[in-house]
Every structure is written in C-alpha cells, then in structure tokens.
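Okay, here's what each chain looks like letter by letter:
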Amino acid sequence: EVQLVESGGGLVKPGGSLRLSCVVSGFTFNNAWMSWVRQAPGKGLEWVGRIKSKTDGGTTDYAAPVKGRFTISRDDSKNTLHLQLNSLKTEDTAVYYCTTDLGYDYQRRWGQGTVVTVSS
Amino acid sequence: QSVLTQPPSASGTPGQRVTISCSGSSSNIGSNTVNWYQQLPGTAPKLLIYTNSQRPSGVPDRFSGSKSGTSASLAISGLQSEDEADYSCATWDDSLNGQVFGGGTKLTVL
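Quick note, the sequences are listed as chains A and B, same order. Take 108 as the starting number for the first sequence in our numbering and just add one per residue. Take 50 as the starting number for the second sequence in our numbering and just add one per residue.
Do not take every clue at face value.
Unchecked claim - List of simulated lysine to aspartate or glutamate pairs, EDC-like, C-alpha gap at most 20 Å:
hint: 1; chain 1: B; residue 1: Lys95; chain 2: A; residue 2: Asp212
hint: 2; chain 1: A; residue 1: Lys159; chain 2: B; residue 2: Glu131
hint: 3; chain 1: A; residue 1: Lys150; chain 2: B; residue 2: Asp143
hint: 4; chain 1: B; residue 1: Lys155; chain 2: A; residue 2: Asp212
hint: 5; chain 1: A; residue 1: Lys174; chain 2: B; residue 2: Asp143
hint: 6; chain 1: A; residue 1: Lys159; chain 2: B; residue 2: Asp132
hint: 7; chain 1: A; residue 1: Lys174; chain 2: B; residue 2: Glu133
hint: 8; chain 1: B; residue 1: Lys155; chain 2: B; residue 2: Glu131
hint: 9; chain 1: A; residue 1: Lys159; chain 2: A; residue 2: Asp183
hint: 10; chain 1: B; residue 1: Lys95; chain 2: A; residue 2: Asp183
hint: 11; chain 1: B; residue 1: Lys95; chain 2: B; residue 2: Asp143
hint: 12; chain 1: B; residue 1: Lys95; chain 2: A; residue 2: Asp182
hint: 13; chain 1: A; residue 1: Lys161; chain 2: A; residue 2: Asp212
hint: 14; chain 1: B; residue 1: Lys95; chain 2: B; residue 2: Glu133
Source of the hints: derived by calculation from the structure; they are not laboratory data. Owing to the predicted nature of the structure, the values given are computational and were not obtained by experimental measurement.
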C-alpha cells in the first residue's frame, strides 16, 4: 500500500523556522520526483516546489513566493522528503501536502497534509 | 490570484451533467497537459483526470476531461451527491518554470 505521511507542522512565530518531513512507503522513493503543495485556509492549492530523483540530477525548483526561504531535500536511505521553511511569514500559514511530482507520475499520490500556522 | 482561472462555484441536481472550465495561456495549458483533482471536505486532493482526459483506475467514467487550445474542461455526468467537492485544475507553466493551479471550483449537488 502506498503511503505518504507528513509530520513536523505546528505553530511558529513570524520570522521563525520549521522542518517538515514526509516518509514514503509502497513505491520506489529513490526513483520518484517529489513535490510539496500547500493550501491556505479557505484558498486553492499552491505549488511550493519539487525535487527530482538523484538519477535525474536531484535538482530543485521553487515557486516565486518561497524561493530563497524554503529548501526541499531528500534522504533516499530513509525514504524521506524534507521541506525546510525559514523566514516564515503569516501568509505561509497552510496545510502542506507531500506529493509525487507532476512530471513523475502525474502527481498521482498525496499525503494527508500537515498544518503550519505562522502567528505571533 | 491563480494563474489558471476557474469559476468559484458550480451546481447541479442529481443525474444532471455539469462542466467546470479552466482557462490559462500559451505558456501553461497551451503547451502542457492538464490534471484535475477532486478534494472532498477535510481531505487531501485526489487525482481525478491526468493528461487532459485520462482517468486513473477507480475513477468512474462519469468523469471526463478535455482540452482545447488554452482551456480545459471537466465534465461530470449522472451527478451524484457524493460528487459534492472542490475541483481544481493544474498544469506546468513553462514561463514560470513551475506547476500552476486553478483557484478551485466548489461543486454543490442541489
């Protein structure tokens, strides 16, 4: 059974940092391109960024609102995807979903999400 | 403001056919294939349509997708109460070098 399980969300003050993790099982993680997608309260889905597989270069791409503040990384030995969130702003408040990437399997697989709240 | 434009709401009665539109530009829908997602209240999105018109296994054939130029559409026929959900379109944008989503359409089954 395919599972993507996010963790690490919570309440953080503006300017603070948080590290989200996504543990994957049920498919070959090291071949997969992975993405993070977020959804602010009452709003639509917003792509955060992606990381390609190491065999495809392991490169990352980011959406403009998070570039320079967020970093996506992967630990293939632990089937784990990470999202480091720095310099957080109130507008980063959202549910953060770990997903397989559009360019890998049409973004077929999604985690259940983890909630990040940025507030003083 | 989302890069892809969807109507915020749509509605229909059981058994009816409903369509939801998704409008983009030459750098996104005009150049790449479109996905549709269904998001039931309080749950994660689920892939409904990929590559414009393909259904993952398990998705009923009441759901269909199409694309023409810089626009795409999702059609739901034989509307059922369990179809009440938010529907979002998405594709890659070559100019932004990133994935873009529509703002989502809330479907109400009357």
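Going through the hints against the structure:
This hinted pair checks out: Lys95/B and Asp212/A have alpha carbons roughly 13 Å apart, not beyond 20 Å. For the suggested pair Lys159/A and Glu131/B, the alpha carbons sit about 36 Å apart, so the restraint of at most 20 Å is broken. Using a Cα cut-off of 20 Å, the hinted pair Lys150/A and Asp143/B is violated, with the two alpha carbons roughly 24 Å apart. Between Lys155/B and Asp212/A the alpha-carbon distance is near 26 Å, which puts this suggested pair outside the 20 Å criterion.
Between the alpha carbons of Lys174/A and Asp143/B the distance comes to roughly 17 Å, so the proposed pair stays at or under 20 Å and holds. For a cut-off of 20 Å, the pair hint linking Lys159/A to Asp132/B is broken: about 34 Å separates their Cα positions. The suggested pairing of Lys174/A with Glu133/B is violated, with an alpha-carbon distance near 35 Å, which exceeds 20 Å. For the hint linking Lys155/B to Glu131/B, the alpha-carbon distance of about 13 Å falls within 20 Å, and the restraint holds.
In summary, the hint linking Lys159/A to Asp183/A is supported, as the alpha carbons are separated by about 12 Å, within the 20 Å threshold. For the hint linking Lys95/B to Asp183/A, the alpha-carbon distance of about 25 Å lies beyond 20 Å, and the restraint is violated. A hinted pair counts as satisfied when its Cα atoms are at most 20 Å apart, and Lys95/B with Asp143/B does not qualify at roughly 24 Å. Between the alpha carbons of Lys95/B and Asp182/A the distance comes to roughly 25 Å, so the proposed pair goes past 20 Å and is violated.
Of the pairs offered as hints, the one joining Lys161/A and Asp212/A holds, with about 16 Å between alpha carbons and a cut-off of 20 Å not exceeded. For the hint pairing Lys95/B with Glu133/B, the CA-to-CA distance comes to about 14 Å; that is within 20 Å, so the pair holds.
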